[in-house]
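The lines below spell out each chain.
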Amino acid sequence: MRPLLIRKSPVDSLSLAPGSEFSWPQVGHDLGLSADGHLNIAALAVDRHAHSARADRTAFRFLGADGNTRNVSYRELAELTDRFGNALKSLGVVKGDCVFVLCDRVCALYVAVLGALKVGAVVSPLFQSFGPEPIRNRIAQAAGKVLVTSSSLYQRRVASLRAELPSLEHVLLIDDSGAGGIADTLDLATLLRDAPNTPALVATAAEDPALLHFTSGTTGLPKGALHVHGAVLTHYASARSALDLRPDDVFWCTADPGWVTGTSYGIIAPLVLGATSIVDEADFDPLRWIHILESERVNVWYTAPTAIRLLMKAGPELFAGHRFPDLRFIASVGEALNPEAVCWGLEAFGRPIHDNWWQSETGGIMIANTAALDIKPGSMGRPLPGVVAHVVRHVEGEPVTLIETPDTVGELALETGWPSMFRGYLGQPARYRDCFAGKLYLTGDLVRRDADGYYWFVGRSDDVIKSSGHLIGAFEVESALMEHPAVAEAGVIGKPDVLAGEVIKAFVVVKHDIAADEDLRLELLAHARRRLGAAVAPKEIAFVPALPHTRSGKIMRRLLKAKELGLPEGDCSTLA
Amino acid sequence: MSRNHEQIRTQVLAIVKRLAPEIDPARIIPDKPLRTQIDLDSMDWLNVLANIHEHMGVNIPECDYGKVVTLDGIVAYLAERLPE
Numbered sequence: 127m128r129p130l131l132i133r134k135s136p137v138d139s140l141s142l143a144p145g146s147e148f149s150w151p152q153v154g155h156d157l158g159l160s161a162d163g164h165l166n167i168a169a170l171a172v173d174r175h176a177h178s179a180r181a182d183r184t185a186f187r188f189l190g191a192d193g194n195t196r197n198v199s200y201r202e203l204a205e206l207t208d209r210f211g212n213a214l215k216s217l218g219v220v221k222g223d224c225v226f227v228l229c230d231r232v233c234a235l236y237v238a239v240l241g242a243l244k245v246g247a248v249v250s251p252l253f254q255s256f257g258p259e260p261i262r263n264r265i266a267q268a269a270g271k272v273l274v275t276s277s278s279l280y281q282r283r284v285a286s287l288r289a290e291l292p293s294l295e296h297v298l299l300i301d302d303s304g305a306g307g308i309a310d311t312l313d314l315a316t317l318l319r320d321a322p323n324t325p326a327l328v329a330t331a332a333e334d335p336a337l338l339h340f341t342s343g344t345t346g347l348p349k350g351a352l353h354v355h356g357a358v359l360t361h362y363a364s365a366r367s368a369l370d371l372r373p374d375d376v377f378w379c380t381a382d383p384g385w386v387t388g389t390s391y392g393i394i395a396p397l398v399l400g401a402t403s404i405v406d407e408a409d410f411d412p413l414r415w416i417h418i419l420e421s422e423r424v425n426v427w428y429t430a431p432t433a434i435r436l437l438m439k440a441g442p443e444l445f446a447g448h449r450f451p452d453l454r455f456i457a458s459v460g461e462a463l464n465p466e467a468v469c470w471g472l473e474a475f476g477r478p479i480h481d482n483w484w485q486s487e488t489g490g491i492m493i494a495n496t497a498a499l500d501i502k503p504g505s506m507g508r509p510l511p512g513v514v515a516h517v518v519r520h521v522e523g524e525p526v527t528l529i530e531t532p533d534t535v536g537e538l539a540l541e542t543g544w545p546s547m548f549r550g551y552l553g554q555p556a557r558y559r560d561c562f563a564g565k566l567y568l569t570g571d572l573v574r575r576d577a578d579g580y581y582w583f584v585g586r587s588d589d590v591i592k593s594s595g596h597l598i599g600a601f602e603v604e605s606a607l608m609e610h611p612a613v614a615e616a617g618v619i620g621k622p623d624v625l626a627g628e629v630i631k632a633f634v635v636v637k638h639d640i641a642a643d644e645d646l647r648l649e650l651l652a653h654a655r656r657r658l659g660a661a662v663a664p665k666e667i668a669f670v671p672a673l674p675h676t677r678s679g680k681i682m683r684r685l686l687k688a689k690e691l692g693l694p695e696g697d698c699s700t701l702a
Numbered sequence: 620m621s622r623n624h625e626q627i628r629t630q631v632l633a634i635v636k637r638l639a640p641e642i643d644p645a646r647i648i649p650d651k652p653l654r655t656q657i658d659l660d661s662m663d664w665l666n667v668l669a670n671i672h673e674h675m676g677v678n679i680p681e682c683d684y685g686k687v688v689t690l691d692g693i694v695a696y697l698a699e700r701l702p703e
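Residue numbers (the working numbering), protein chains in the order written: chain A, 127 to 702; chain B, 620 to 703.
Hints are supplied without guarantee of correctness; some may be wrong.
What the hints assert, rightly or not - Below, a list of computed lysine-lysine pairs in the DSS-like style, where the Cα atoms sit at most 25 Å apart: (1) 651/B - 221/A; (2) 621/A - 636/B; (3) 637/A - 592/A; (4) 637/A - 680/A; (5) 680/A - 592/A; (6) 636/B - 651/B.
Hints listed in this document are in silico derivations from the structure and should not be mistaken for laboratory results.
Using the sequences and the hints, build the whole thing.
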C-alpha cells in the first residue's frame, strides 16, 4: 500500500525547519549584500564567485545533443557575461531596456541572460516552441529592444514580423557564420570578440526591474509579470530550503529557461549558491536522462510531473543496471504531483520526490515538501521560511476572509513582502491591483490546508489551461483561430491528459457556407501551429454547430469542458 | 535506398504531417535531428510515436528514443522491424 507519510531522511539537512529563526535581512547578510542597497543578480550569481577561491569551479556543464560537453567556470562566465554586457552597451542598451532571448539551451543563452542582467537590462525569456504570434505579442508589449536568437528560429519565427516590431532595434544571432548572411541581424560571436572584457556591471538597486515573465490568464492577452533584482534573495533562500541545494552540489534543473522555473532555478539560484549546474541541450529522452543522472553524479534534481510520468511509463527496465548513489534530493514543480509518482521515486532512485508550489508571479518556490519535513505524498508541502500563506474565502464583490478550519477549500493567498513577489503586470495596473486584497496576494489556486499545516492543491479558481506544467491562455488560442477566414467562432479548453495534465482542445464553429471537413481541420491545425507554435497551438480541433454562451455573450468554456468529459453540465441558468 | 525504405519514409511523413500539417517534408534534412527542424513539442513527438505504433505496428520503447532522433534513424529503425 502507498504510504500516507514518508519520513524525512535522518541525514542532517541544511534546511531550516519552518518556525526556526529566519529573516530576509539575514538572507541578505548571508549573501554579503552591501549597506548601500546596491544589488545585481548577475553580480551575485557570477562575479562574486569569479573573484573568490571558487573561481575555477564549473558553473555550467553543457551536454550537447551531439555528445560533446563544455564546462564553463565561474571565471569564464564572468568574462563572457562582461563581454556580452559591454556589447549591449555598445549597441546603446541602457538600464531598463528589455532584452528577449529565444534559443536552445546553449551557452550563449545563459551568457545573454546574465550579461543583460549585469548592465541593468530587463530580461524576458521566450520558449523555443512559441510561434510568431506569441513572440510578436510579447516583444511588442514590452517594447523589446534586443532579441538574442538563432538563425533558424529567426528565419522561421521572427523575420516575417520584424516590420511589426519597431522597438526591436537589434537581433543578435548566436550561430551566424559572421558573414552577415541574414538581413537586419548582427553576429553575436563578432560582437563578443570585439567587446572588451572589462567589468560591465551597471549599478542596480534591489527594486530595479530585472526579469519579465509572461504568464496567461483566462481573459485577454498574456501578462508580463515584472520582477526585481531583489528577487535573488528568494532564489537563494528557497534553493537552500526547498531544494536542499549546497555549494558543492551538482544540480540539474530540467526546465527550459523559456519558462520561469528554468530562469529562477535553471540559471540564477544554483549560481548564487556557487553550485555546478548541468544543462542538457537535447530533447527529453528517458535513457539519456537516466544516464545523465548517473554519470554526471547529480546530487539535486529539479524536474516536472510530465517528465516523471514519462519515466514511470518507461517501466523499471529503464533503470536496470543503473545506480544513483550521489542523488540526494529530487523535487518537482509545474502541477500537483500525484502520490504514486512521489513514491515511485523511492522505487526508482531510492529517494522520494518532493513536490513544491509556486507560479510566475511569486518568482520563486513558496510552498514545498522540504528535506526538513516528512513528506505527505500528494501534498505541495508547507510554506517555506519567510513565506506566510493563508487559505481565504474569495468571492467577487465580498470582502476576502481567512479560513482557519482545516481541510476547508479556499483560495491560496500569500502575505506580501517576500523578495521575489512580482511588482506589476507590464502596462496593466488594474489587473495587478485585482490580484491583491489588502496585504494578501491572491494566487488563483484553490487549496485546502490540513491540520498539520500541509497544503493540498484542489484546482484553479478560473479556467486557465495547464499543459505540461505551463499556463496557456484560452483567449490567445481562440484569437489565432478566429483569424482564419473559415472560422466563425472558437472555444478552447484544457482536455485532461494522463501525461501532460491537460492538452489544448479547440471547438470551432465554421462560417455558414464552409464545409467542416478533414481538409479544413488540417488547415486550421496548420494555421494555429504556424501562428502560435507547438507549445500554444491546440492538439485537437473539433467542429461543432454552435458554442454555449452566457447571457452577456461570453463563451462558456466550463460547459464545453463538462461536455467533453461527459460530466453533468451543472447550472446552465446563465445560458442565453 | 530500398523500395521498403521509401515506403516507410512516406508513411512516417504522412503521420508527422497529420499532427503538424504546416510542415514541408521537402525541407527536412534526413540526417539532422527531426525535432529541431520542425516544430514538434514533446507531446507531438509522443503522438508521432503512438501513431507509428498504431498504424505501422512497431512499438518504439523509451530506451530506444535515442535511435529515432533523425528521419533516417526512424526509417532505419522501422525497416529493421517491418517485414520486407
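Verification of the hints:
no.	hint	verdict
1	651/B - 221/A	40 Å, violated
2	621/A - 636/B	22 Å, holds
3	637/A - 592/A	30 Å, violated
4	637/A - 680/A	19 Å, holds
5	680/A - 592/A	21 Å, holds
6	636/B - 651/B	18 Å, holds
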